[in-house]
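Enquirer: Chain by chain, the residues run as shown.
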Amino acid sequence: MFKSKTKILQLFVTLTACTFLFVPMVLSLLAGVTSNYFKGVSSGLTLKWVFKVWELYADSIFLSMGLAFACLIVTLIIGIPAAYGLARHPGWLSRLLEEFISLPLAIPGLAIALALLQLYGSLKGFRASWTFILVGHVLYTLPFMVRSILAVLSSMDLKTLEEGAASLGASSWQRFRDIVVPNAMPGILAGALTVVTLSIGEFNITWMLHTPYLKTLPVGLADSYASMRLEIASAYTLVFFILIVPLLVAMQWASARAQRITQ
Amino acid sequence: MTNRSFVLLCLIPLLIFSIVFLALPLVRLFLASGESEIGWSIYLEILRKPRYLNTLVLTVLVSLATTVAALAVSTIAGMFLSRNQFKGRGILLSIMTLPLAFPGVVIGFLIILLGGRQGLINQITPGHVVFAYSVIGLFLGYLYFSIPRVLLTVMAAAEKLDTSLEEAARTMGASSYRVVVDVILPGLMPSLIAAGAIAFATAMGAFGTAFTLATNIDVIPMVIYTEFTLSANIAMAAALSIVLGIVTWALLLIARSISGTTVAAGG
Numbered sequence: 008m009f010k011s012k013t014k015i016l017q018l019f020v021t022l023t024a025c026t027f028l029f030v031p032m033v034l035s036l037l038a039g040v041t042s043n044y045f046k047g048v049s050s051g052l053t054l055k056w057v058f059k060v061w062e063l064y065a066d067s068i069f070l071s072m073g074l075a076f077a078c079l080i081v082t083l084i085i086g087i088p089a090a091y092g093l094a095r096h097p098g099w100l101s102r103l104l105e106e107f108i109s110l111p112l113a114i115p116g117l118a119i120a121l122a123l124l125q126l127y128g129s130l131k132g133f134r135a136s137w138t139f140i141l142v143g144h145v146l147y148t149l150p151f152m153v154r155s156i157l158a159v160l161s162s163m164d165l166k167t168l169e170e171g172a173a174s175l176g177a178s179s180w181q182r183f184r185d186i187v188v189p190n191a192m193p194g195i196l197a198g199a200l201t202v203v204t205l206s207i208g209e210f211n212i213t214w215m216l217h218t219p220y221l222k223t224l225p226v227g228l229a230d231s232y233a234s235m236r237l238e239i240a241s242a243y244t245l246v247f248f249i250l251i252v253p254l255l256v257a258m259q260w261a262s263a264r265a266q267r268i269t270q
Numbered sequence: 271m272t273n274r275s276f277v278l279l280c281l282i283p284l285l286i287f288s289i290v291f292l293a294l295p296l297v298r299l300f301l302a303s304g305e306s307e308i309g310w311s312i313y314l315e316i317l318r319k320p321r322y323l324n325t326l327v328l329t330v331l332v333s334l335a336t337t338v339a340a341l342a343v344s345t346i347a348g349m350f351l352s353r354n355q356f357k358g359r360g361i362l363l364s365i366m367t368l369p370l371a372f373p374g375v376v377i378g379f380l381i382i383l384l385g386g387r388q389g390l391i392n393q394i395t396p397g398h399v400v401f402a403y404s405v406i407g408l409f410l411g412y413l414y415f416s417i418p419r420v421l422l423t424v425m426a427a428a429e430k431l432d433t434s435l436e437e438a439a440r441t442m443g444a445s446s447y448r449v450v451v452d453v454i455l456p457g458l459m460p461s462l463i464a465a466g467a468i469a470f471a472t473a474m475g476a477f478g479t480a481f482t483l484a485t486n487i488d489v490i491p492m493v494i495y496t497e498f499t500l501s502a503n504i505a506m507a508a509a510l511s512i513v514l515g516i517v518t519w520a521l522l523l524i525a526r527s528i529s530g531t532t533v534a535a536g537g
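Protein sequence lines, in the order shown, are assigned to chains A and B.
Position in the first sequence (from 1) plus 7 gives the number in the numbering used here.
Position in the second sequence (from 1) plus 270 gives the number in the numbering used here.
These aren't lab readings, by the way, just hints derived from the structure by calculation.
Take these hints with a grain of salt, some might be off.
What the hints assert, rightly or not - Pairs of lysine-lysine, DSBU-like flavour, derived with a Cα cap of 30 Å:
| # | chain 1 | residue 1 | chain 2 | residue 2 |
| --- | --- | --- | --- | --- |
| 1 | A | K14 | B | K430 |
| 2 | B | K357 | A | K14 |
| 3 | A | K59 | A | K46 |
| 4 | A | K12 | B | K357 |
| 5 | B | K357 | B | K430 |
| 6 | B | K430 | A | K12 |
These figures come from a predicted structure and were not determined experimentally.
The shape of chain A in the complex, shown without the other chains:
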């Protein structure tokens, strides 16, 4: 009897938490397609708010996609060789470097953005360009890329593989290209999806670094929450969900896959 009672209590807590998380999502989806949210759903369903969002914020959406893509390229270029370097040189120095580049995960984005502004805010050309925001996004996402690849590389016997290839006459670059990169692929894929998902959703750093001419999707969201009617804010959130949820699902799938390899 006691056992079933605790079960019921557990189920109750689980369902309450689920409701708390789920109901606002449904409200936001509904409000985005309702003619007049104040009057309720009975006022009719419409896509006009979604079109309005497109009219108002298409630039922001494209900027975010472009930024995420650029961020992916940069984190790949820096991250793949770095993860290889760290995997081949395990030791306290590598640990320290890994710890150091992970600081932007532990320090609030606000502080990171302030630091960037303090040092580079006076370089007007750089400050006003989209690359300034890109630097913030790379700072925040790079540790995920490096760690994701590093986890895969550390789990295999890289040294033996490379020695085998070297004895057959493969140069350092050939070994990197033909052995390291293909073997690290699951980690690279998981890292890449994480980078894109996080970049598209990044707000804390971006809010401080953005200019009136460069508003990313989340910055536009904050804007619409503060100044637009509820229906437009909701429709914009709906657009964001449509963009981010498939990415999240893909990211979780790729991360689980990469993790299975490391075990």
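For this one, chain A is given, so just place chain B on it according to the hints.
Expert: For chain B alone, kept in the frame of chain A given last:
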């Protein structure tokens, strides 16, 4: 080129990027915190001035409340979901992990839809029930942010628990309550400490949620923001950022050394 120099060459882009865009800016931020008339005693000022001290206390209290609530809810739900197989379990789990991808601003908006002027609660209850812009709204926003993260940590730990220990305790006559207190909770403890530290650090540094909800509440990230943008008190904004950064970094370091998980603070 020897292999050793090739490997070192691989680290060069990372080193350059992190020195130019991380190390130097952080040093500059630290120096900026000492550049007001009162110099380095600005750090004492945080504790001396009621405005900053109250902010500090409020932020810690809300973060503590979030941590306790998230741990309680996620531990119960996490144990339930990992120990029971039933229809709809997958759906419940997806709903509870979906918010992982939501930035803090979006979560703030979701709380407004729940507790704002046009919010659900105000519509279905008689009278005027608006809590989105109060400390309760902020707490709910942080909780919304933390539940999925703590839940995943708890479920990962629950899968590694040795169920034979529980069976042994039961066969020796332990009540369900004693099994939970003496066997399950101690087994989960490292993960719970880690998840708690993560939830606390995240709530301390949450900017996005506070930005949408805390227009009238002084929590540290909001004060940093207003000091910087409205008061142009850059030294104080920098000092508060440094203090906040050290606190969240230290907490997450503890979390990682205990459980080995990596998550991003923020929101």
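Enquirer: Now, for every hint given, state plainly whether the structure supports it.
Expert: Hint by hint, here is what the structure shows:
Straight-line distance between C-alpha atoms of A:K14 and B:K430 comes to about 21 Å, which keeps the hinted pair within the 30 Å bound. A distance of roughly 15 Å separates the Cα atoms of B:K357 and A:K14; the hinted pair therefore holds under the 30 Å criterion. For the given pair, A:K59 sits about 20 Å from A:K46 by alpha-carbon distance, which is consistent with the 30 Å threshold. Pair hint A:K12 plus B:K357 holds up; C-alpha atoms about 20 Å apart against a cutoff of 30 Å.
Distance check on the hinted pair: B:K357 and B:K430 sit about 23 Å apart at the alpha-carbon level, within 30 Å; holds. In summary, the hint linking B:K430 to A:K12 is supported, as the alpha carbons are separated by about 25 Å, within the 30 Å threshold.
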